[in-house]
Amino acid sequence: MQTQRRSAGLARRIATALVWCVVAADLLLILWIALTSLRGSSDILHQAFGLPAPPRVGNYLTALRDGGFGQAALNSVLVAVVSSLAAVAIAAPCAYALSRRRSRVSSMLTMTFAMGLGVPGQVLVVPLFVGLAKVNLTDSHLGLILVYIGLAMPFTVFMLTGFFAGIPSVLEEAAVLDGAGPVRTFVQVVLPVARGGLITAFLLQFISGWNETLFALVLTHSQDQITLPVALAEFVATEQINGMDYGTMFAGVCIILAPMIALFSWMGTRIIQGMTVGIGK
Amino acid sequence: MAATLLDKPRPAPARAPRRHRGGAGSPLIRQQRRMFWPFTAPALLVYAVMFLAPVGYAVWTSLYKWDGMGDMQWRGLHNYQVLLQDPSFRTSLVNTLKLMFVGGTVTFVISFALTLVLREMKARLFARSVLFFPCLVNGMVFGIAAGFLFSPTGPVNQALHFLGVTTPPKWLSTDNLLPMVLGTLIWTATGYYTSIIMAAVDQIPAYLYEAAELDGANAWQRFRHVTLPCAWDVISVCAVLWTVSSVKIFELILLFGGTSSAYPPVSSWNTALYVYAEAFPQATVPRLGMATAAAVSSLLMVTVVTLVLRRLMRRDPIEY
Amino acid sequence: MPRTSLSTPTRIVGAAAATALVLGLSACGSSGTGASGDAKAGGSFTYWSMWRAEEPQAQVLKAAIADFTTATGIKVDVNWAGRDISKKIGPSIAANQAPDLWDQANDAIFGSVASAGQALDLSPVLGLQIPGENVPVSQVIPGKYFDMLPKDPGGSNHYVIPYEVATTGLYYNAADPDLAAAMPAAPADWAALLKVCDTLKAKSKPCFASEGEDPWTNGLYFDYLLNGAGVDVSKLANDKSSAGWDDPAVLAAAQKVEQLVKGGYLIPGYDATKYPAQETNWAGGKAAFLMNGSWVTAEVAKQIPAGWKFGSMLPPGTKSPDATLFGFSIPKKAKHAEAAEKFIAFFLQKKELAGISTTAGNITPREDIPAPAELADAQKALAGATVRLPFDGVAGNWSPKVLDQHFLDLWHGKSTAAQFVAKCKADQVTYWQTQG
Chain Z
1 MQTQRRSAGL ARRIATALVW CVVAADLLLI LWIALTSLRG SSDILHQAFG
51 LPAPPRVGNY LTALRDGGFG QAALNSVLVA VVSSLAAVAI AAPCAYALSR
101 RRSRVSSMLT MTFAMGLGVP GQVLVVPLFV GLAKVNLTDS HLGLILVYIG
151 LAMPFTVFML TGFFAGIPSV LEEAAVLDGA GPVRTFVQVV LPVARGGLIT
201 AFLLQFISGW NETLFALVLT HSQDQITLPV ALAEFVATEQ INGMDYGTMF
251 AGVCIILAPM IALFSWMGTR IIQGMTVGIG K
Chain R
1 MAATLLDKPR PAPARAPRRH RGGAGSPLIR QQRRMFWPFT APALLVYAVM
51 FLAPVGYAVW TSLYKWDGMG DMQWRGLHNY QVLLQDPSFR TSLVNTLKLM
101 FVGGTVTFVI SFALTLVLRE MKARLFARSV LFFPCLVNGM VFGIAAGFLF
151 SPTGPVNQAL HFLGVTTPPK WLSTDNLLPM VLGTLIWTAT GYYTSIIMAA
201 VDQIPAYLYE AAELDGANAW QRFRHVTLPC AWDVISVCAV LWTVSSVKIF
251 ELILLFGGTS SAYPPVSSWN TALYVYAEAF PQATVPRLGM ATAAAVSSLL
301 MVTVVTLVLR RLMRRDPIEY
Chain D
1 MPRTSLSTPT RIVGAAAATA LVLGLSACGS SGTGASGDAK AGGSFTYWSM
51 WRAEEPQAQV LKAAIADFTT ATGIKVDVNW AGRDISKKIG PSIAANQAPD
101 LWDQANDAIF GSVASAGQAL DLSPVLGLQI PGENVPVSQV IPGKYFDMLP
151 KDPGGSNHYV IPYEVATTGL YYNAADPDLA AAMPAAPADW AALLKVCDTL
201 KAKSKPCFAS EGEDPWTNGL YFDYLLNGAG VDVSKLANDK SSAGWDDPAV
251 LAAAQKVEQL VKGGYLIPGY DATKYPAQET NWAGGKAAFL MNGSWVTAEV
301 AKQIPAGWKF GSMLPPGTKS PDATLFGFSI PKKAKHAEAA EKFIAFFLQK
351 KELAGISTTA GNITPREDIP APAELADAQK ALAGATVRLP FDGVAGNWSP
401 KVLDQHFLDL WHGKSTAAQF VAKCKADQVT YWQTQG
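Protein chains in written order, with the numbering used here: chain Z, 1 to 281; chain R, 1 to 320; chain D, 1 to 436.
In case anyone wonders, no lab produced these hints; they're calculated from the structure.
Small disclaimer: the values here were computed from a predicted structure and weren't measured.
In this text, a Cβ means the ideal position worked out from N, Cα and C, and glycines have one as well.
Certain hints may be false.
As the list claims (entries may be wrong) - Far from chain D by the CB rule (all over 10 Å, computed), these chain Z residues: (1) R12; (2) L45; (3) V82; (4) V130; (5) A174; (6) V187; (7) A237; (8) P259; (9) L263.
Said to hold, decoys possible - The list that follows gives simulated cross-link-like pairs (lysine-lysine, DSSO-like), each with its CA atoms no further than 30 Å apart: (10) D:K195 <-> D:K319; (11) D:K203 <-> R:K65; (12) R:K65 <-> Z:K134; (13) D:K203 <-> R:K170; (14) D:K302 <-> D:K201; (15) D:K144 <-> D:K319; (16) D:K333 <-> R:K98; (17) D:K414 <-> R:K170; (18) R:K65 <-> D:K414.
Just chain Z, with the same shape it has in the complex (with noise of 0.2 Å):
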């Protein structure tokens, strides 16, 4: 028993000591990523592990300009933003009703939209190209945000249905003998109390909206529209012709990625909860 015991107290402080080798491994590629985006080309090319020297600042520079991650970085703010909105606050109201009225319509709905979660994108990737063309609005803004809200629908009405439901109607009931209308109940009396359901929809698919690749580079190629992932692809596939500045795209991944190292910084215990506490209820 006693040996076992210490058996088993080595065997934890050898995967404790694991753990904590990929947790430097993790931040030490973070490091490596934004230090690689002060270093020139043709440095990062002889030699990938190295330290800048000097620092150049004029990555930035380059990638916000000339590279186009600026005016792509504008856009995908702009559209991850405005998508999350739209979708939590076209999926809130939706949610409510579903998590308050059991019937079997009710249930029937529900489960529609939940099977959404399992459809891949892979398959509304021909037909939204095809759609979006035909009414005039593929490499557009209204259209990306337009897809995005549609493939928020799933799974932000089934994280706010579980998340109305976890909330007692008392007050509603309180509100409806007042004389408060369906929608001032819902507005005045339900939505503060969801705010931080709300809240982390809405993170949730801001993350995915800045993150979402495939759709961004089929609807999406002029260089006023396209969103970071595009601009960086894009930006990859000139190494081909015309060749590359390495600096600038690592530059260029700072800039997708700092916003979320951002967030995450501020916000990460919501952002974790929100994606997993949802899933385990």
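Keeping the supplied structure of chain Z fixed, place chains R and D upon it in accordance with the hints.
Relative to the frame of chain Z, chains R and D by itself:
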């Protein structure tokens, strides 16, 4: 499929909602009935137009031969027959299944091990956060970074050399592309699933462990008889989640072996890449019928795997 | 140091701003009161470019567009879209949103648009006078560039008008003393090339740099060997019975490729890296030759050490060099085709087109515009009577689905020449069963 997530009992929250306080005719219930359609309509509309209709359109297109410009020609199920014959689709399918099953198994084993280790670690929340972060990073970043990190003279090999490994594997060789993608996938997903499982394990009441310890159960037995059954629901949800998300992997493979204009070698394709390459080829007419047929096949695959998984993992709910 | 790195982008932005200003001014001038007096002047057309705004080709085009607008009053609405443009063009045409002008490589134009009969026949452009030169377009663009192209359903091979030409070959540093000693003159046959390699090997310098994961550039060895043996790759690929693979000349070519691999002529570690690692090694003098397209000089321009002198040659035995055309195309559904055609002729005048050589560092189709010094050999190779397409223009998914994977196995030493030929033959049979 994922709908089955909903029909299992939710653990009752501490403040139990008393939903049935008013009778069927209470003003609240009446109001909720009246608001139902106006509240659900916008979401339903968006969902129907941007999601359900495209799925239907994909199924319809998959029955035709179409280059996106000219007329559509009826082919019936012929596209699907051709898919099964096409070696590159078969490779894509096998790769997708590899990512799904091999990746899934490894990820879940590591996630469980991590959960056990993290539970009793100092600074566990910090460590968990760092391990979680990679799933917020665009997959292309890993593809780009790998070319530098795993080059023969790169940092990884230098570190291995330091540890005494003199003949490291040829990481970036085209044969190793899929294993590298798989490794990256496992690494980025593990933090995510660890967090989910940790959240579930944290909800297991401590007295169950205490009771088990009193009965003389060792660490493995406690895991086997307390942790696993209590977290089973969450695990089965995670399995479904993994199935769906492993099929969606796209940009990771795209930039691991190629660029947006030069596709990676077929040996590393999954069905998403196959769809993309058929629908948006570099220098040839798109084959939208084949692309949608491949997409619909991958949807069918997800559905079947999910149903089978749900069936295999069904257990009586544990009450505690 | 940071100062110099700052000044370049600033200058480029300054230039871009100036261009925009000029564009804006001239736009005002033309859209205002029609000061030029010609009622037909003015109008506009849309142009989707394969270049991104910061690339040198885009700078050349921008300058030409500004001059064009000043000269004709026609405004050009440009979208610097990048290489992916060939994937977007087809569906845009289907949705009736095609641009009036776009550009890409000839294979992309043919594959995505012309083969579907959606590209305008540009034969009339060949008859247009080039502004200020008093000659028609047909006189400055050699006919051989059109002769090599496949015909569209309408029987035309004038669906692209090139403004930049690329060719592939073995690139090397002519100033490298080791190489100069080993290769006093271009090798006359394959054995002589290998002899050069053996001499280099004795000095422990690898002969060929190669990006091991890339089937296209590495496959060029096979392509050139087949060309030397009189085998047409396109015919080989389009043969549904796959009988062409039984030709002993095919096996012989594959065996020569195998010889390169087994003989240790390739740079060590070539199969364990990702582009552009080996190109960088080559530019650093770690291997003598690199098989690539003529764009390689621009790709490595920022890396090569001082004193480097580019040379290039075709693999010995080659019957004719390959050529890839980067050029303009007009969709049949274009609404302002005439204005776009006018611009094509305008851009081909020496004054404008020379920028492709001087600014973008590439070869133009006009033989009277000298290529940049580093591509002098390549331009000489192109000057011959005939040119052909790389891989003889084999199209569609044949390369990724039949050739690439098996060729890489051969290139990585995992299969023999005979196995390679057998596998390609088998896969080609299934390939044709899944087409149509």
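Status of the hints after comparison with the structure:
1. R12: Check passes; 37 Å lies beyond 10 Å.
2. L45: L45 of chain Z is in fact no farther than 10 Å from some Cβ atom of chain D, at 4 Å.
3. V82: The claim stands: V82 of chain Z keeps its Cβ more than 10 Å from every Cβ of chain D (closest is about 23 Å).
4. V130: violated, 7 Å
5. A174: holds, 54 Å
6. V187: holds, 40 Å
7. A237: For A237 of chain Z, whose nearest Cβ neighbour in chain D is about 5 Å away, the distance does not exceed 10 Å, so it is violated.
8. P259: Check passes; 23 Å lies beyond 10 Å.
9. L263: holds, 29 Å
10. D:K195 <-> D:K319: holds, 21 Å
11. D:K203 <-> R:K65: violated, 58 Å
12. R:K65 <-> Z:K134: holds, 19 Å
13. D:K203 <-> R:K170: holds, 26 Å
14. D:K302 <-> D:K201: At roughly 28 Å apart (the allowed maximum being 30 Å), K201 of chain D and K302 of chain D satisfy the hint.
15. D:K144 <-> D:K319: holds, 15 Å
16. D:K333 <-> R:K98: violated, 45 Å
17. D:K414 <-> R:K170: holds, 14 Å
18. R:K65 <-> D:K414: Violated, at about 38 Å.
In summary, the numbered hints that this structure violates are 2, 4, 7, 11, 16 and 18.
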